[in-house]
Amino acid sequence: MTDSRFPASIETIRRVNQDPHRLGHRSHGPSEPIEGAGHGASGPAQKRILVGYGFWIYLLSDIVVFSCFFAAFAVQRSATAGGPTMADIVDVNRVALQTGVLLLSSYTCMLSFAATNARSRLWTQVFLLATGVLGLSFLVMEFQEFAELVGRGIAPQRSGMLTSFFGLVGLHGLHVTAGGLWLLTMMAQVQVKGFRPEIIHRLLCFNLFWHALDIVWIGVFTIVYLMGVNA
Amino acid sequence: MFGKLDLSAIPLSQPIPLITSAIVVVIGLAVAVLITTKKLWPYLWHEWITSVDHKRIGIMYCLLGILMLIRGFADAIMMRTQQAVAINAEGYLPPEHYNQIFTAHGTIMILFGAMPLVLGFMNFLVPLQLGVRDVAFPTFNSVGFWLTASGALLVNVSLLVGEFARTGWLPYPPLSETTYSPGVGVDYYLWAVQISGIGTLITGINIVTTILKMRCPGMSYLRMPVFCWTALASCLLIVAAFPILTATLAMLTLDRYVGWHYFTSMSGGNPMMFVNLIWAWGHPEVYILILPAFGIFSEIFSTFSGKPLFGYRSMVAATLFICVVSMLVWLHHFFTMGAGAAVNTFFGISSSIIAVGTGVKIYNWIFTMYGGRVRLEVPMLWSLGFIFTFILGGLTGVLLAIPPADFVTHNSMFLVAHFHNVIIGGVVFGIFAGVEFWFPKAFGFRLHAGWGKAAFWLALFGFWVTFTPLYILGLDGMTRRLQHINFEHWTPWLYVSVVGIAILIAGVVAQVLQLIVSIRNRDALRDVTGDPWDGRSLEWATASPPPFFNFAVTPNVEGEEAYWGIKLRAIETQQLSPEPHYEAIEMPINSPVGFYTAFFATVFGFAMIWYIWWLAALSLLAAFIGFVVFAWRDVHEFEVPEEEVERAERKRRAAREEFLNRLAHEGGTA
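Chains as they are written, first to last, in our numbering: chain S, 1 to 231; chain G, 1001 to 1670.
Hint data in this document are derived by calculation from the structure and do not stem from the laboratory. Watch out, some of these pointers could steer you wrong.
[Claimed, not checked] The list that follows gives simulated cross-link-like pairs (lysine-lysine, DSSO-like), each with its CA atoms no further than 30 Å apart:
hint : chain 1 : residue 1 : chain 2 : residue 2
1    : G       : Lys1307   : G       : Lys1453
2    : S       : Lys193    : S       : Lys47
3    : G       : Lys1651   : G       : Lys1307
4    : G       : Lys1213   : G       : Lys1307
5    : G       : Lys1213   : S       : Lys193
6    : S       : Lys47     : G       : Lys1307
[Said to hold, decoys possible] Output of the computed footprint for chain S on chain G, the stretches with three or more beta carbons under 8 Å from beta carbons of chain S:
hint : stretch
7    : 1131-1141
8    : 1267-1279
9    : 1572-1586
Backbone N, C-alpha and C fix where the C-beta goes; we use that ideal spot for every residue, glycine too.
Just chain S, with the same shape it has in the complex (with noise of 0.2 Å):
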């Protein structure tokens, strides 16, 4: 199970020109498997699919976990015993600087891969820097909102509907910190043993789990700001 001289992805490239027209899958009739790939002709993938596709169907799980907390939202929305409601707590331009500010992150977090492939170790860290600041700047707007709104006297314990948005939104901030917990540990690794395969692999999944947020933000930004100005 060891890496093979090539990274997946040429494989996949070359797997490509070879059968333009079956993008992903092995052609018809009898062909040279791929080693490493994991497709039962050829063996146990490499550990640097592995890694990936485990992580995936982590992601996938964490997903469902969201959605959980989505659909709390969309049954409680109109719970709001007589309190507040969606309009009375959106602010919009915030929320629109929030949702720039995370999606400059992915950006800046893309970089920092590209930079990976590379071996650049100054700017793999650079742009790890840049999306940790990122992240930050949006978890400190977030807890601005928060902060605020409690001291409005708008708490998750008044009402389902406050119970059910604090949730949502504070358990995409609850990954958002961790991930930059997680951010921090990858920049020490990358300082200190360099760009060994299992670091990469493990870049290779923070990656992966930042834009996951990124695309839970969106939802969230959609579904619980966007569509609450106008409840």
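Guided by the hints, dock chain G onto chain S, whose structure is given.
Same frame as chain S, now just chain G:
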């Protein structure tokens, strides 16, 4: 300093939990002393606790599951006897204690008994059957196991320190909210199940990745043994359903700890949301348990009939069909809770349709036996008992799936009898069949057949004598979870049920005796060839017990029933396949990270249950430091030298050679 924890948490006024925990503590201490005097701690630590070997982890899962099955069975004995003596009387269990017992019984049996056993089988078998050396993430595997053990520990600590939930195994709000359950019981439930649920999710992810991405050369999907297919379907359900459990319990935790309103009955909380969410996990959960049992039976029917499994592809299709449809039936657990006719109709039909997939499987098993040379060994007896028991349980299930009929039997003893019928008849029989079948693979010697047969017949009769009366009582209107009974008309049936439980106790004793007798006669029961049952899949192609690297050389699969093909060729040509070229093997090193994580998870859970905030924060910090230290290690694998591999494999080949010679002398051919 210690939150809500003080000496009043110890139930000094209640003799039953006190004496029970005293006995458990004494046994625990005795075992610890025994281990210390025999100087076994280093062995246990290096070979088991820190092991990342999927076989060792699988065995530990099964041990945990069997211990918890016994604990849950003790609860069952108390419930059946309480109901038999509490007819127009108080009985010996006060209501608040009785309610904890039925809650603990359900929680323990499903989540800490059946789940670890099923996960243990998957852990032990999947890499062996796929012809690989370990699961995709061996260290993670250890974390998953120890987290499950951590949850089991917390549930059992509640016996001595504090109390357990009194809500039933699914803590429906508003009863489970702080207003109505102010004690620590529900908190014990929440943290124990939450921690073990995360462990289960880790194992699920691990096994899905293993099956989809780690198979030996030639092992294409439609060459995988059916057990691997069922393990895949089961783990896909784990990945899809356990996060729902995590989310739901997290919401209830927030309600209880910080006064939020997810499920409260005021301020816009929605208790029905809990019922929907928990069953969206709870129903797939029963299929997570039963599908691997179906896989176990498939292997056994085909092996002991000496035939390939009938309708392999339809078996795979039925498995995946059940996997998908099981996500679409959750509402049948609460037809009576006002969903309306149209919704009930949909879920009534989807629940009945599941029986089609199961029916396909039943026919396939029967046709596998048809025309085969059936050997009635102990695993086969359990499997035949399963077909009989499970069909009847399935039929009562179809009855319950019809909404109008369900309105009559909802929450009655009829329901209790039904789900015990399918879970005991399906999952538990499957587990015992599997233990009898794969025990020689795991430990190198067979279990004693006589005691095994006794245990089977006692379990089969005991089951029916216990639960047939409950069906009748349910139809007679007896509801579940009654602490005492004010209706003498039911007395005879309750007594019959106690007779049944006595037979089941005898069955458990026979099972324990079987283990003891087998260990004492292990030399006579030794399996030297690695293939004691004339098996058909790859786990039989290696020694019993397998070397920690599983296979000396990665197998190369050339058809369905991988090992059967190799074996037939050897018998036909009267010789083993040419000796391969041995190479050194890289294996993952052991790691204490699983044990370490679970230790702090337990401390964290305990601290949260008793509101000891500083300890909770400290254990989270310790867990984080543990992860960082683990991430910092430089060596991940070690090399098994060529000579060691060669030595292990030569020994197995010699035994096979001898087997072939004996076959030739006796003039036997396949």
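Outcome of the hint check:
no. : hint                   : result
1   : G:Lys1307 to G:Lys1453 : 23 Å, holds
2   : S:Lys193 to S:Lys47    : 19 Å, holds
3   : G:Lys1651 to G:Lys1307 : 29 Å, holds
4   : G:Lys1213 to G:Lys1307 : 29 Å, holds
5   : G:Lys1213 to S:Lys193  : 28 Å, holds
6   : S:Lys47 to G:Lys1307   : 37 Å, violated
7   : 1131-1141              : holds (count 3)
8   : 1267-1279              : holds (count 6)
9   : 1572-1586              : violated (count 1)
Taken one by one, the earlier hints fail for this structure at numbers 6, 9, listed in ascending order.
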